[in-house]
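*Asks:* So you can see what is in the structure, the chains are spelled out below.
Protein chains: 2
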Amino acid sequence: MANQPLILISNDDGITAKGIRHLVEWMQELGDVVVVAPDSPQSGMGHAITINDPLKCYKSDIFPGVEAYECSGTPADCIKLAKNYILNGRVPNLVVSGINHGSNASVSVLYSGTMSAAIEAGIEGMPAIGFSLCDYDREADFSHTYQWVKNIAIQALEKGIPQGTTLNVNLPARNKEEIKGVKTCRQAKAKWQENFDERVDPYGRKYLWLTGDFIYQDEGSDTDIWAIENNYISIVPVKYDMTAHQAISEMNEKWEI
Amino acid sequence: MANQPLILISNDDGITAKGIRHLVEWMQELGDVVVVAPDSPQSGMGHAITINDPLKCYKSDIFPGVEAYECSGTPADCIKLAKNYILNGRVPNLVVSGINHGSNASVSVLYSGTMSAAIEAGIEGMPAIGFSLCDYDREADFSHTYQWVKNIAIQALEKGIPQGTTLNVNLPARNKEEIKGVKTCRQAKAKWQENFDERVDPYGRKYLWLTGDFIYQDEGSDTDIWAIENNYISIVPVKYDMTAHQAISEMNEKWEI
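Chains as they are written, first to last, in this note's numbering: chain A, 15 to 271; chain B, 15 to 271.
No wet-lab data here; the hints were simulated from the structure. Fair warning: this is a prediction, and the values are worked out from it, not measured in the lab. It is possible that part of the hints are untrue.
BS3-like, lysine-lysine: derived pairs with alpha carbons at most 30 Å apart [what the hints assert, rightly or not]:
| id | chain 1 | residue 1 | chain 2 | residue 2 |
| --- | --- | --- | --- | --- |
| 1 | A | LYS203 | B | LYS73 |
| 2 | A | LYS173 | B | LYS173 |
| 3 | B | LYS173 | B | LYS253 |
| 4 | B | LYS220 | A | LYS203 |
| 5 | B | LYS197 | B | LYS173 |
| 6 | B | LYS253 | A | LYS268 |
| 7 | B | LYS197 | A | LYS173 |
| 8 | A | LYS173 | A | LYS32 |
Here are some chain B residues pointing at chain A (derived, C-beta under 7 Å) [said to hold, decoys possible]:
| id | residue |
| --- | --- |
| 9 | GLY60 |
| 10 | LEU124 |
| 11 | MET140 |
| 12 | ARG200 |
| 13 | THR257 |
Just so it is clear, CB atoms sit at the ideal spot from N, CA and C, and this is done for glycine as well.
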């Protein structure tokens, strides 16, 4: 259909993940879909790009009737490949990434491959949304988010996304309650407290698994974590100018150099 | 020496790179140094962390008389390992990352492993600086930056770094002129325009190299790119709250959901 919006889809859990399969199915109700996604899981890849190795990118028939490509790189690579190698001048009306298996709220936005695909699209001037379900299970139930994800995409297509921003959307995991609604929020102050689980391989060499606990350091009720804990969907508009503008004058006053 | 500051050093070019060797040598003049750095190049890794694979972390004797560790992970992993596995309660007075071989000014901050090590330390509440030389050469000449890097580290130790920020310092490559001074700046608006160099492997399969041109989209003279082009050192205070606060009210007015 000629006048349908073009929707580009990526993720970080890889092209076979359940979350992206839902997104492809649901977005086909809103437009023409092109998928460019990693060929293997890329969780925690942050805004990594592949510069020390070559990339592979092949057509995939995993989604019947949908133009799809699987790539050896990171989520950010996938968006760069889509724009400069695959789409050949076609400009997406919307880029959606996910649905991630696991929360990308608060400081997790920095580590998130899902969000880096969306942010990469944002830098390119495309309206973009990263969707994450607050459930890390590979077999997580996404069905309760169907109407919400679709409505958020419709709003983005119809009303646009604020200039210079990308949306970080986190969806509560399925529970007894219905989702109460949507809150536009700020990123909660928090950090991860890591523990390293030390083991010994069959050859006697030590190795470690990175594990961690999420430490919540915020008391506000205007944060993404508050929204999710209260069964709302959180939307944080994220920007890629990382300058701490207020700190510039402080530096100029204090430092002597 | 008991009352010396403790300085933690990491990078993204790997523990054998020329840039980190200079940083280790120069920082030893200011305090006790511990090095935790990747065992292989990690350029472009952004804020990636290793969650799908185990990590290896071994003691290294590469720097005579200096406590050093080489790790299989990313720069952000190195800081997490330092804090939660290696330092054992010792708290660094300063964390320095680099000196990177290549610019991390403007939007490159998002892709930079050097800066992700520094930002990771910042999230942990440690004063942290990422240093980058605007010269990608493995054999780049760092000598003209010695006094500047040392003075910036001294200022950070004595005056501190604005709360909730991490410093992104870019140093002009050696040229005919002397460095003129230091400017505290904002991140310039710019993006990378990628090209994919398509090749065929000996087995007939296509592969691609990611290449790109830096597209400068800013006319301000208060940016990091302006400073570097005019032979100043740029310092951008960077924050890890990525919320576009002004966009929240715009979203609330426009969207109906």
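*Asks:* It remains to establish, for every hint, whether it holds in the given structure.
*Replies:* Status of the hints after comparison with the structure:
1. A/LYS203 with B/LYS73: Between A/LYS203 and B/LYS73 the Cα gap is close to 34 Å, so the pair fails against 30 Å, i.e. violated.
2. A/LYS173 with B/LYS173: Status violated; Cα separation ~46 Å.
3. B/LYS173 with B/LYS253: 18 Å, holds
4. B/LYS220 with A/LYS203: Measuring from Cα to Cα gives roughly 45 Å; hence the hint is violated.
5. B/LYS197 with B/LYS173: 17 Å, holds
6. B/LYS253 with A/LYS268: 18 Å, holds
7. B/LYS197 with A/LYS173: 39 Å, violated
8. A/LYS173 with A/LYS32: Holds, because 29 Å separates the two Cα atoms, which is no more than 30 Å.
9. GLY60: 3 Å, holds
10. LEU124: 5 Å, holds
11. MET140: 12 Å, violated
12. ARG200: 4 Å, holds
13. THR257: Cβ of B/THR257 sits 4 Å from chain A, so the hint holds.
When each numbered hint is compared with the structure, violations occur for hints 1, 2, 4, 7, 11.
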